[in-house]
Amino acid sequence: MHLSAPVAPLVLALALAAPRVLPGQELAAAPSAPAAERSDGATWPQWRGPARDGHFRGAAWPERLNTENVKRLWRVELDKSYASPVVSETAVFTVETKNEEEEVVKAFSRADGKLLWQASWKGAMTVPFFAARNGSWVRSSPAFDGHNLYVGGMRDVLVCLDAASGEIRWRLDFPEQLKTKLPDFGFVCSPLVVGEHLYAQAGEGLAKIEKQTGKVVWRSMRDGGGMNGSAFSSPVLAQLAGKQQLVVLSRTQLHGVDPAEGKSLWSLEIPSFRGMNILTPQIVGEDGVFTAPYGGKSQLVKIGAADGGFTAAPVWQNKIQGYMCSPVVVDGHAYYFTRANRFTCVRLADGEERWTSGPTGNEYWSLIAQGRRILALSNDGELRLLEANPEAYTVIDELPLVEAESWAHLAAVDGLLVIRELKALSCFAWK
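The sequence shown lines up with residues 164 to 594 when you count with my numbering.
Worth flagging that the hints you see were computed from the coordinates, not collected in a lab.
All values derive from a computational prediction rather than experimental measurement.
Ideal Cβ positions, reconstructed from N, Cα and C, are used throughout, including at glycine.
Careful: at least some of the hints might be erroneous.
[Unchecked claim] Here are the computed lysine-lysine pairs in the DSS-like style, where the Cα-Cα straight-line distance is at most 27 angstroms:
| no. | residue 1 | residue 2 |
| --- | --- | --- |
| 1 | Lys234 | Lys594 |
| 2 | Lys243 | Lys344 |
| 3 | Lys378 | Lys344 |
| 4 | Lys285 | Lys344 |
| 5 | Lys426 | Lys406 |
| 6 | Lys378 | Lys285 |
| 7 | Lys594 | Lys285 |
| 8 | Lys426 | Lys342 |
| 9 | Lys586 | Lys234 |
| 10 | Lys243 | Lys285 |
| 11 | Lys285 | Lys234 |
| 12 | Lys277 | Lys586 |
| 13 | Lys277 | Lys594 |
| 14 | Lys378 | Lys342 |
| 15 | Lys234 | Lys277 |
| 16 | Lys344 | Lys234 |
| 17 | Lys586 | Lys243 |
| 18 | Lys342 | Lys277 |
| 19 | Lys406 | Lys378 |
| 20 | Lys285 | Lys261 |
| 21 | Lys243 | Lys277 |
| 22 | Lys426 | Lys378 |
| 23 | Lys243 | Lys261 |
| 24 | Lys261 | Lys277 |
[What the hints assert, rightly or not] Computed beta-carbon distance windows for the label pairs:
| no. | residue 1 | residue 2 | range |
| --- | --- | --- | --- |
| 25 | Leu278 | Asp543 | 25 to 31 angstroms |
| 26 | Lys482 | Asp275 | 21 to 27 angstroms |
| 27 | Ser272 | Asp560 | 24 to 30 angstroms |
Start from the sequences, fold in the hints, and give me the full structure.
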């Protein structure tokens, strides 16, 4: 490793059907609010934003999205990556797989795109089977805690860097240090920072790590690694049924995990196609978790407390299949992009499909919501400003922003939009 100074997814038809509300289940009526730190909009420090829920809580967005109020400030060419950018008050951080040989972390000035520092390590691998056509470059989005940057490398490594200088503070190599099997699809999960610890789906399961030292505190949800490893989802912290817990979606199961001890509080089988549970679960109210697996069913799961333990059971299920797009929840409705390449709205109280758009021609959208509006960036680089309207699919504006592919999640801070193209990074002013 070294430090240097500056110098396709499937397209399938989907038959939609009425939701199946399961008997004996009711969900507590409460606003959706994950137990996570809120933001004023100054930074975008991790996967899906400060609260990890795809919501922007900064200054009000402009009313329109057009060539008059969206201006590119800078653009830098990079090598390939699916990792989303994260943004501090002064810098934008991103990761790339360089020449199919090494992984490189770069920090750029938020103001002008100047390279501030870069760090790298050997990290190439080739993913197998159906994933190979989508490339073997880095996937995990970094996390920033105000001082350090935490980066997941494809070969199941977790690296802590000083965010100001790029100095590598520690490196946790799961296969080398813990003798775990290399996950066949690489380190995909985006690390979660909670207080003095990190949580990551790596090392043949879920791991809790001291963020100052890289020491592993516990390991849970053991999956054996290899072909069974490589969780495609990322954990979230939530308060459910009166208990703070990690909500973790593995390739086959949804779990609630005690952050202190790593004990599974509850679990539920989540059927999916080839174990591809990809999206991040969404917390709904005081006792609900929403997910929409690829090849399975969209469903709302109720978490209950009983006899000193916890229960998990679906409240309703419908036949809408999600894919890679993690939903946003607005006013009791989930908005998300489906396996059928359409955008949909589902009422969370009972699973009713309120509407589904026509074919979009896209394979993936990343979503950020503010109030009753949603920004949606498609994989072909078009940005849409949508109304979060349960009555109808409503597009306010559409604006092609980048010409190349963009599979990374959009990032937003006050007055700025940051887009990671497959081989570039762009920053736009939106005023």
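Verification of the supplied hints:
1. Lys234 with Lys594: 9 angstroms, holds
2. Lys243 with Lys344: 25 angstroms, holds
3. Lys378 with Lys344: 19 angstroms, holds
4. Lys285 with Lys344: Distance of about 18 angstroms is within 27 angstroms: holds.
5. Lys426 with Lys406: It holds: about 13 angstroms lies between the C-alpha atoms, which stays within 27 angstroms.
6. Lys378 with Lys285: Distance of about 22 angstroms is within 27 angstroms: holds.
7. Lys594 with Lys285: 41 angstroms, violated
8. Lys426 with Lys342: The hint holds at about 22 angstroms.
9. Lys586 with Lys234: 20 angstroms, holds
10. Lys243 with Lys285: 15 angstroms, holds
11. Lys285 with Lys234: 36 angstroms, violated
12. Lys277 with Lys586: Satisfied, since the Cα-Cα distance of roughly 17 angstroms is no more than 27 angstroms.
13. Lys277 with Lys594: Holds, at about 22 angstroms.
14. Lys378 with Lys342: 15 angstroms, holds
15. Lys234 with Lys277: Measuring from Cα to Cα gives roughly 18 angstroms; hence the hint holds.
16. Lys344 with Lys234: 46 angstroms, violated
17. Lys586 with Lys243: 5 angstroms, holds
18. Lys342 with Lys277: Violated, at roughly 40 angstroms.
19. Lys406 with Lys378: 26 angstroms, holds
20. Lys285 with Lys261: 9 angstroms, holds
21. Lys243 with Lys277: With a Cα-Cα distance of about 19 angstroms, the restraint between Lys243 and Lys277 holds, given a limit of 27 angstroms.
22. Lys426 with Lys378: 19 angstroms, holds
23. Lys243 with Lys261: Satisfied, since the Cα-Cα distance of roughly 7 angstroms is no more than 27 angstroms.
24. Lys261 with Lys277: 19 angstroms, holds
25. Leu278 with Asp543: 25 to 31 angstroms: Since the Cβ atoms of Leu278 and Asp543 sit about 28 angstroms apart, the hinted range of 25 to 31 angstroms holds.
26. Lys482 with Asp275: 21 to 27 angstroms: The hint (21 to 27 angstroms, Cβ to Cβ) is violated, given that Lys482 and Asp275 are roughly 49 angstroms apart.
27. Ser272 with Asp560: 24 to 30 angstroms: 29 angstroms, holds
Of the hints listed earlier, those the structure fails to meet are numbers 7, 11, 16, 18 and 26, in rising order.
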